[in-house]
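J.: Take a look at the letters that make up each chain.
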Amino acid sequence: MVGRRGRDRTLLWLLTALAVLWLVPVLWMLSMSLQPNELLARTTSNTFLGLIPIPFTFNNFVRLFTLGLTPRWFLNSMVVSVGMTVLVLALSSMAGFAFARIRFPGRNLVFALVLAGLVIPEQAVFIPLYTMFADWHMHNTYQALIAPRLAVPIGVFLMTQFFRGIPSYIEEAAELDGASRWTIFTRIMLPLSVPALTTLAILTFLYAWNDYLWPLVSANHKEMFTITVGLASIQSNFAQSEGLGRVMASGVMASLPMIVLFLIFQRYVVRGIAMGGGK
Amino acid sequence: MDTTGAAQAAATRTAAARRSRARRLRDTVEGYAFAAPFLVAYGVFLIYPFFKGIWISLHSWNLLAVAINPAAKHFVGLRNYVHMVWGEHLVWSPDHLFLARIIGLAAVAATIAFAASGRLRWRSAALFIVVGVLLFGVALGIHPASDGRWYDRRFWHIVWNTLLFVLLTVPTVTVVALGLALALNRQSRHAAILRTAFFLSQVLSVTVVTLIWQLMYSPKQGIIANVLQSVGLQPIQWITNPHLAMPAIVITTVWWSVGFAMIIYLAGLQEIPEELYEAARIDGAGGWSILRNITLPALSRTTTLVVVLQIILQFQVFGQSHLITRGGPNDATQVLVRYIYQTAFQDSRLGYASTLAVFLFIFMLGFSLLQARLQGND
Numbered sequence: 001m002v003g004r005r006g007r008d009r010t011l012l013w014l015l016t017a018l019a020v021l022w023l024v025p026v027l028w029m030l031s032m033s034l035q036p037n038e039l040l041a042r043t044t045s046n047t048f049l050g051l052i053p054i055p056f057t058f059n060n061f062v063r064l065f066t067l068g069l070t071p072r073w074f075l076n077s078m079v080v081s082v083g084m085t086v087l088v089l090a091l092s093s094m095a096g097f098a099f100a101r102i103r104f105p106g107r108n109l110v111f112a113l114v115l116a117g118l119v120i121p122e123q124a125v126f127i128p129l130y131t132m133f134a135d136w137h138m139h140n141t142y143q144a145l146i147a148p149r150l151a152v153p154i155g156v157f158l159m160t161q162f163f164r165g166i167p168s169y170i171e172e173a174a175e176l177d178g179a180s181r182w183t184i185f186t187r188i189m190l191p192l193s194v195p196a197l198t199t200l201a202i203l204t205f206l207y208a209w210n211d212y213l214w215p216l217v218s219a220n221h222k223e224m225f226t227i228t229v230g231l232a233s234i235q236s237n238f239a240q241s242e243g244l245g246r247v248m249a250s251g252v253m254a255s256l257p258m259i260v261l262f263l264i265f266q267r268y269v270v271r272g273i274a275m276g277g278g279k
Numbered sequence: 280m281d282t283t284g285a286a287q288a289a290a291t292r293t294a295a296a297r298r299s300r301a302r303r304l305r306d307t308v309e310g311y312a313f314a315a316p317f318l319v320a321y322g323v324f325l326i327y328p329f330f331k332g333i334w335i336s337l338h339s340w341n342l343l344a345v346a347i348n349p350a351a352k353h354f355v356g357l358r359n360y361v362h363m364v365w366g367e368h369l370v371w372s373p374d375h376l377f378l379a380r381i382i383g384l385a386a387v388a389a390t391i392a393f394a395a396s397g398r399l400r401w402r403s404a405a406l407f408i409v410v411g412v413l414l415f416g417v418a419l420g421i422h423p424a425s426d427g428r429w430y431d432r433r434f435w436h437i438v439w440n441t442l443l444f445v446l447l448t449v450p451t452v453t454v455v456a457l458g459l460a461l462a463l464n465r466q467s468r469h470a471a472i473l474r475t476a477f478f479l480s481q482v483l484s485v486t487v488v489t490l491i492w493q494l495m496y497s498p499k500q501g502i503i504a505n506v507l508q509s510v511g512l513q514p515i516q517w518i519t520n521p522h523l524a525m526p527a528i529v530i531t532t533v534w535w536s537v538g539f540a541m542i543i544y545l546a547g548l549q550e551i552p553e554e555l556y557e558a559a560r561i562d563g564a565g566g567w568s569i570l571r572n573i574t575l576p577a578l579s580r581t582t583t584l585v586v587v588l589q590i591i592l593q594f595q596v597f598g599q600s601h602l603i604t605r606g607g608p609n610d611a612t613q614v615l616v617r618y619i620y621q622t623a624f625q626d627s628r629l630g631y632a633s634t635l636a637v638f639l640f641i642f643m644l645g646f647s648l649l650q651a652r653l654q655g656n657d
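In order, the protein sequences belong to chains Z and P.
If you count the first sequence from 1, position 16 lands on 16 in the numbering used here, and the numbers rise without skipping.
Remember, the numbering used here sits 279 above the position in the second sequence when you count from 1.
For the record, the hints were derived by calculation from the structure and aren't laboratory data.
Quick caveat, the model's predicted, so the values are computed rather than measured.
Here a beta-carbon is modelled for each residue, glycine too, at the ideal position from N, C-alpha and C.
Honestly, I wouldn't trust all of these hints.
Covered, in the sense of this in silico footprint (three residues per stretch, anywhere, with C-beta under 8 Å from a C-beta of chain P), are these stretches of chain Z [stated by the list, open to error]:
(1) 53-59
(2) 163-175
(3) 190-197
Pairwise CB distance ranges (calculated) [as the list claims (entries may be wrong)]:
(4) Z:Ala90 to P:Phe642: 30 to 36 Å
(5) Z:Leu14 to P:Val510: 34 to 40 Å
(6) P:Ala351 to Z:Ala90: 37 to 43 Å
(7) Z:Ile264 to P:Val409: 46 to 52 Å
(8) Z:Leu12 to P:Leu357: 29 to 35 Å
(9) Z:Gln143 to P:Gly511: 20 to 26 Å
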């Protein structure tokens, strides 16, 4: 027994070393964002391979907020991600409620058609979507960045599954009391589905914040970039124009909301992936 | 008394029928009303563009010309498709791509043997056998004769690059994720922290990932080069060496996407009943034997799910190739989605780009259907 315990402990410490190694790229980015630009232009491995920010400075972050478009991109990402999340939750929960709890003619057929949409990848529709939004003169708007994602059926699928699991007597009791469908939906169903909604919200927010292809195609005014696209636009020439430290500070800004969100809601992210593949 | 009772009962019945008809009408209206907002978005932003994409692929359609004059496109039928997959003076030879085809045909033969021995159902094997014979036996033997050429010289090379990327990434991610999940499937704070650490890279956006890894690989400033130089070795030219560019974006992708697969494996491990392990331990089975005879077989469905999800995800690779290697050197890391993006938005050839997108869709359809079946069984 002692041997087994000992082996287990060794394994865990080996994995700990591997985890530290695994995080080196992230730590390096963080460390560089806290070192002076002039130093980084000379060497990226000043103290302990550059993993420890000595000499230390906050200047990169300070200048990030006074110069350049990073704060604007950050704001754009927030607007798009929050807007998309709220709308996806509203549309998915309403449709999920209809498919799971209301008996209407054609329901199974419509639901099957919706599920069929799961096989269409974003890459198969981004060119026609581009021409549509161009025809409507709607590129470089928040609406254009948000709208295409509202059509993805994974949220409806998750919410339908969830609502199907709620026992029907709750609904019947409310109906006997004369509650309308809308009341049942908002007062009974939504409060019961907070865990499912949280999971869907986190996954949608993550997707919105990190999406690259559609914002790259749709937003071509620098002021309308999301932080993900903006970061791509400054990384090709980072050494010359912006300074390595500042580009890394932008990278930290782009990652921080996701990391914080993940650390707080880890349970929900994990459940979402285990449930639906988290597409 | 009797007659009034019957009349009353009849009246109740008609009232009930009227109520239920009213109820049905209400359900219909409300059902569609609740689903309507999503259905509208679904129709406008997914179904309509999907068919419009197919329609665009049947045209010669220049992005800039059509933007100025909507009539500047013309219908060409299937010409874009022919241009994509076909060529001039193509011939079939039995020994073209010999090794790949022999390996492929051996896999088909193995599948037939498995099915014949009853270890695999014919129904599940049939599709792979048919597609395998057609692909390895016939299709891969087609190539241009010495005086011939593919109409699109880059297309098949890019398809191969994309497949190579998938072939290198998916097994690596799967094995690493399985190993981590097996090691970290325990209830301790230490293991929980390690799970978080290995998943953390997954929540970064592709542009953050490429920002860091571009610099990691840099022969002048990169941390890998710095380490090598400190022990007196030459820095590695990851990005500019045509043999190392693909491994470079594969390593980055594995680092980025292991967390996701690890979580699915951890969920799968939770579902294995504890009694199975106890029974095995009473029988005196050791750790290795338990892993081989109990854990791995119990995880076979999870493994299929992980592999299928990864294939779908990695087939759509774009950012890593676009930002780290820019498809290079010399198309060595050019992949399908980047080719579609460039054909549409740099060359302005929307018609042909849509044809490529339809190809991507068809290629992925099989895997998407497989995924739907795997997850639909829950």
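J.: Against this structure, judge whether each hint is valid.
T.: Here's how the hints hold up against the structure:
1. 53-59: violated (count 0)
2. 163-175: violated (count 0)
3. 190-197: violated (count 0)
4. Z:Ala90 to P:Phe642: 30 to 36 Å: 34 Å Cβ-Cβ, so the 30 to 36 Å window holds.
5. Z:Leu14 to P:Val510: 34 to 40 Å: violated, 22 Å
6. P:Ala351 to Z:Ala90: 37 to 43 Å: holds, 40 Å
7. Z:Ile264 to P:Val409: 46 to 52 Å: Between Z:Ile264 and P:Val409, where Cβ atoms are some 50 Å apart, the hint holds.
8. Z:Leu12 to P:Leu357: 29 to 35 Å: For Z:Leu12 and P:Leu357 the Cβ distance comes to about 59 Å; the hint is violated.
9. Z:Gln143 to P:Gly511: 20 to 26 Å: violated, 57 Å
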